[in-house]
Amino acid sequence: MSLSLIFTDELKGFYKSKVMVALWIIFPIITILIHYLAPGVESETSFSVFTSIFISSIGGLIASLILTVQIIHEKDARAYDLFLIRPIKRWYLPVSKFFAVFICVTIAISIALSVGIAIDILQNEVIINFVLPSIIDSFVMTISVIAISSAFGVLLGIVSPSIIVGVLIVIFIGQYVEILPLIPVLIGIRNSVLFVTLLGIFITILLMIIAIIAFRRKQF
Amino acid sequence: MKKKIKCPNCMTIHIVKGVPNQQINVKCPSCGNIGNFTFEGNISKQSIHSNKMVVLRNVSKRYKQLLALNNVSFEINRGEVFGYIGPNGAGKTTTIKIMIDLISKNSGEVYINGISIPEGKNKVHGLIGYLPQDVGFQKWRTVDHALMTFGRLSGLDKNTTSKKINEILNWMNLGHIRHKKIIKLSGGMVQKIGLAQALLHNPKLLILDEPLAGLDPEGRFFIKELIKKLSSNGTTVFFSSHILSDVKDLATKICILDLGRIVKIGNFDELHSEFTSENHLEVVLSKNTGKWSKINNIKGVKKIIEKKPNEFIIHIDRSIDNDEIIHKIISEFLKNNCHIRSVNILTPSLDEIYQYYLTKGESKP
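In the order they appear, the protein sequences are chains A and B. The first sequence: position 153 = 242 (my numbering), numbered continuously. The second sequence: position 111 = 765 (my numbering), numbered continuously.
Source of the hints: derived by calculation from the structure; they are not laboratory data. It is possible that some hints are incorrect.
[To be verified] Pairs of lysine-lysine, DSS-like flavour, derived with a Cα cap of 27 Å:
#1 A:Lys307 <-> B:Lys775
#2 A:Lys101 <-> B:Lys793
#3 A:Lys107 <-> B:Lys835
#4 A:Lys307 <-> B:Lys777
#5 B:Lys818 <-> A:Lys101
[What the hints assert, rightly or not] The following residues of chain A were derived to be distant from chain B, with all beta-carbon distances above 12 Å:
#6 Ser251
#7 Arg279
#8 Val282
#9 Ala303
The beta carbon of each residue, even a glycine, is placed where N, CA and C say it ideally should be.
My request is simple: use the sequences and hints to build the entire structure.
Structure, rendered in structure tokens:
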């Protein structure tokens, strides 16, 4: 009960936040802008696939930044003290935050991706049945990147001593962590989506386990 | 064999090693009474703390090179108001955070309601209400949302939590801010919301870290009255404070902490009695004939200081019946045709006593 309560609360907190509302609006707008400002992209691949890849790279960074900054801020404001003196397990907090941001950013990206697909269909430039598998593949890759980025953001929020340090690490190191699940694609493995998914799950769980251990040991 | 004994003076139960049915001569750690104690019988681990809400034994905490707590031990009985005082950096907040397992200790034992911390923390957390020194909330929460979450995490159902929020906010005259965002409230109001979250689930132990700091006189009065009310209802209250006059007003037991060590623990009278062996009597005359020198000869009068014309401070030995001495002093003034305007027994302030213990007797009169 406590876990679902904390998770629901965090979800409400995120989806009502200005950053998240902006993402839900900004991502589709970026999609449309790309379509009009870079019309050449459709010649190489479908617009929706391009959008998916583009948005996922931004989405991962944003998920990491949101979580890192919020956790450090709440930690500094001593907002967790009042949770931790109640009969709940410590890991509920980082896990709830992870899922709340992961779900919200995934929804934002899905909206943007839907806009991309809609543009493809409306312009009749590609046959949707032909590109649908690649859209699904890129969506799965996107989800993997978002999951790893969110877990990385949680971990960094817990261990980072200040917001500035946290943000710098996200910007300079986070991008390398995010592309880890894409290694199977980069080295050209067959069934790379399956490997991407498995690798994404594995790295996310690993980062979250480290984050939970760090949070449990944290001296508040 | 470990046994429990009951002090005949303060009725506190202590644990000692000894032989059954044998009388032993020990000093009571709580009240200092020395005498013969009789064993009460065998005890179980649970009954060790049966009348204790908080027990700390030899708790130490080190932050790298700094020894923040050095073998801190104290016990708090159920229903007591425990005032924890000490200068900045003495280790007050560290003690509190160890008690509620926000930080870990390096050594020692902590029991809350007879349950060991941190092993049984989840059982204990439901009994505790805690107000941190700098209370913080997630910035997106409204007052209602925050209190609802904390009430439910403390084990209350939705309806009960809602009723309790209503009750507490109305009692604090804060009903109008229930649906406001906490981030938009003043510091004093946030402090009160912090207190509200600590009270939602009727805790058996209320831990308040500097609850009176930064509050206006009205807010301080409110919290002092609250502590008195909760104490009278049987709630054990642990609070740290720098405002010593408030500690003296509220605490039934006072603990002075300095540089991570407990310097003194006891009720105000016990702290006072070690501070000085004298009581001071202030006598103000409206008519002074000057014929009062025989007062020096009254047994128990140690010295007379003429502070101003017609104002005297008479030092009296505490070990002799002070009522009798005061009666003799007044009689002597009257017999010599002096007119008395006022007579006051001067009690040293807690600030003086506190300074005395911190400076290890350098300021002892």
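Structure-based check of all given hints:
no.: 1; hint: A:Lys307 <-> B:Lys775; in the structure: 16 Å, holds
no.: 2; hint: A:Lys101 <-> B:Lys793; in the structure: 13 Å, holds
no.: 3; hint: A:Lys107 <-> B:Lys835; in the structure: 15 Å, holds
no.: 4; hint: A:Lys307 <-> B:Lys777; in the structure: 21 Å, holds
no.: 5; hint: B:Lys818 <-> A:Lys101; in the structure: 23 Å, holds
no.: 6; hint: Ser251; in the structure: 17 Å, holds
no.: 7; hint: Arg279; in the structure: 46 Å, holds
no.: 8; hint: Val282; in the structure: 36 Å, holds
no.: 9; hint: Ala303; in the structure: 14 Å, holds
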